[in-house]
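Trainee: Read off the chains here:
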Amino acid sequence: MRRAVLTGILLAAGAASAQQTNVQTAPPPPPAPRNGLLVELKMGTLIPRISDEPGLTGDPYGEVFHNSSMLYGGGEIDYLAWRGYGAIGVGFSVGYTEKYAPATVVSTGAPSSEKTALILFPLRLSVLYRWDVSWSRYHVPLVPYFKLALLSTPWRSTKGGDTEVFIDNAGNRLEGKGLKWGYGFTVGVAFILDVLSDRMAKDLTNDTGIRHSYIFAEFNDDHSDDFGKVGLNLSARWFTFGLGFEF
Amino acid sequence: MPTPSRAGLAAALLLTTAAGAQTIALNFPGSTVTTQNNGPGTCNNNLIVAWTSTGLTSANTCNSLQVWVTNSTSCSDSPGTSGSDGGTDVIIGTFSLATQTSGATPAVALSTIPGLVGVDCANAIVDVKNAICSSVQLRSTVGGTCSVIQATPSLIVRYDTQPPDPPSVGLTPQDSKIIVALTATGSQASDILTFNVDYARMFDDGGVDPFTTITNINSNSGSGRLTINNLVNENTYLVRGYALDEVGNISQPSAIQSAIPEASDGFWATYKKDGGEEMGGCNAAGAAVPSAIALVAALVALFRRRR
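As you go down the protein sequences, you meet chains F and R in turn.
Per my numbering, the first sequence starts with residue 1, numbered consecutively.
Per my numbering, the second sequence starts with residue 1, numbered consecutively.
Only chain F is shown next, with the shape it has when bound in the complex (with noise of 0.2 Å):
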């Protein structure tokens, strides 16, 4: 009786004890990282403010193009430096937009059969302000955020191909391409898509490094017009959207 009485307390004492080890074996949740990359993918479309330049006595890309949009395309990568109340970074973003039309016939006005295109090439770089808490700590799936950037963006016309040439009264040969700078904002709402799927979340986490995906919407509000100066206006307010991960 006693043997089988201390049996007892032995096996009891030996599950309490598995369950201690098991407890100390589970893994403690990560710690928020400080820092954090985002690479984000987006589109967008746009119609630049052409007509805003003061002085002009039509509106050039109404004429040409019918105030069609021009398709955005682009990348941006995101380095966040600061955490704390929400992340704070800097973000370099290229893309790529163009529009094709037909050029007309200066003699009868009618469309020609070679083309005329807008291509600009927009460049940002971004101090940006996410407020993730909403998700990190009240696990809201959506994370506003808020960015203001620098601008350059490279643009070029072309007819048939090549780069268009104005001569204009004095003869000068006025090429249609050139640079301009600006500045813009823009604010967003990401929604992060691990609310979607705890578990695959996790395991792009483990397989991939990514610490968590979201897509995007943004609107743009663009000032590329060399900072106020009378000239070719590629600014524009427009939407993008897009894919994005955090590593």
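What the hints contain is simulated information worked out from the structure, not anything from laboratory work.
Please note that the accuracy of each hint is not assured.
[As the list claims (entries may be wrong)] Here are the computed lysine to any residue pairs in the SDA-like style, where the Cα-Cα straight-line distance is at most 25 Å:
id : chain 1 : residue 1 : chain 2 : residue 2
1  : R       : K273      : F       : P54
2  : F       : K115      : R       : E262
3  : F       : K115      : R       : Q257
[To be verified] Looking from chain F toward chain R, a few residues come up when the C-beta cut is under 8 Å (computed):
id : residue
4  : V105
5  : S113
6  : T116
7  : L118
8  : G160
9  : E175
10 : G178
[To be verified] Which stretches of chain R does chain F cover? Using the computed rule of at least three CB atoms under 8 Å from a CB of chain F, they are:
id : segment
11 : 174-182
12 : 258-267
Since we're looking at a predicted model, the values are computed, not measured.
Even glycine gets a Cβ: it sits at the ideal position worked out from N, Cα and C.
Here the structure of chain F is known, so what remains is to put chain R in place on it, guided by the hints.
Mentor: Here is chain R on its own, set in the frame of chain F:
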């Protein structure tokens, strides 16, 4: 085992071992093409064909290897020098496999190949395509029957002085230029390798400048495209095209087409005519690189400062 039986067995084994690997290959010396094209001026050139056999010896063949030029584009088992195909095939070489397993035929003048015999080939308008064939009778087993092995693939020798048909010409006038679209026509369209184009400005009084010729416009599947630049807008230009085949036979000129280049405005000209102040001129593509580098450099500097 008696000696004769052993020898027979050895021979049988040899024949059996080699049974799956007997081939004859032909080629034009120094070339990998399977069709040798000849044209005007090469009538007196010589034809030489190299051959190589594999797995063929006097022990497993019933006759000598022959190389011949047919009067068609396909090969039969043996040269038709007196038989059903007209008897005009020309044997250009007969080789004993007891003494050699490869070799080359003696040079024969092109003018002697079927289709050119008796023709003034330097001046005649002909397009002769003849296959060059080779075969030997193979005995695959000792005492067995003989079967034919032919060279694969056969070669083609062509003598072509037939000019192709003129191309069709389509013109698209643009600002200071005309786009010319050329399309090969006729039964020899697949032979067209290049086009030539003539163009000239026509004046209001009917006078025409001398024609300028642009040559060597590549044909891609029978189509060619050319842009004639630096033309004077609102002037009529006359354009005609020529097709050239694989040996440089040139067609008659196409029917003359005319087009009038017209000035057109693209976006940049429209903008400037609307009073735009932008002067342009900065190399946009070039500017993209330094400005991107500057932005990235600023980004890197920020990162390093942070660390």
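Trainee: Each hint needs a verdict: does it hold in this structure or not?
Mentor: Do the hints match the structure? See the list:
1. A distance of roughly 14 Å separates the Cα atoms of K273 (chain R) and P54 (chain F); the hinted pair therefore holds under the 25 Å criterion.
2. Among the hinted pairs, K115 (chain F) with E262 (chain R) is consistent with the structure: their alpha-carbon atoms are about 14 Å apart, no more than 25 Å.
3. The hinted pair formed by K115 (chain F) and Q257 (chain R) meets the criterion: a straight-line CA distance of about 23 Å does not exceed 25 Å.
4. Look at V105 (chain F): its Cβ gets to within about 5 Å of chain R, closer than 8 Å, so that hint holds up.
5. Because the closest C-beta pair between S113 (chain F) and chain R is about 5 Å apart, less than 8 Å, the hint holds.
6. With 8 Å as the threshold, the beta carbon of T116 (chain F) comes within range of chain R, its nearest partner Cβ sitting at about 3 Å, so the hint holds.
7. Below 8 Å, beta-carbon pairs count as interface contacts, and L118 (chain F) has one with chain R at about 5 Å; its hint therefore holds.
8. Hint status for G160 (chain F): holds, given a least beta-carbon distance of 6 Å to chain R, under 8 Å.
9. Taking 8 Å as the C-beta cut-off, the interface hint given for E175 (chain F) holds, the closest approach to chain R being about 5 Å.
10. Residue-level restraint check for G178 (chain F) holds (minimum Cβ-Cβ distance to chain R is 4 Å; threshold 8 Å).
11. Note: the segment 174-182 of chain R has 4 residues with beta-carbon separation from chain F under 8 Å; the three-residue rule is met and the coverage holds.
12. Counting residues of the segment 258-267 of chain R whose beta carbon lies closer than 8 Å to any beta carbon of chain F gives 6, which meets the minimum of three for the stated coverage.
Checked against the numbered hints above, the structure violates none of them.
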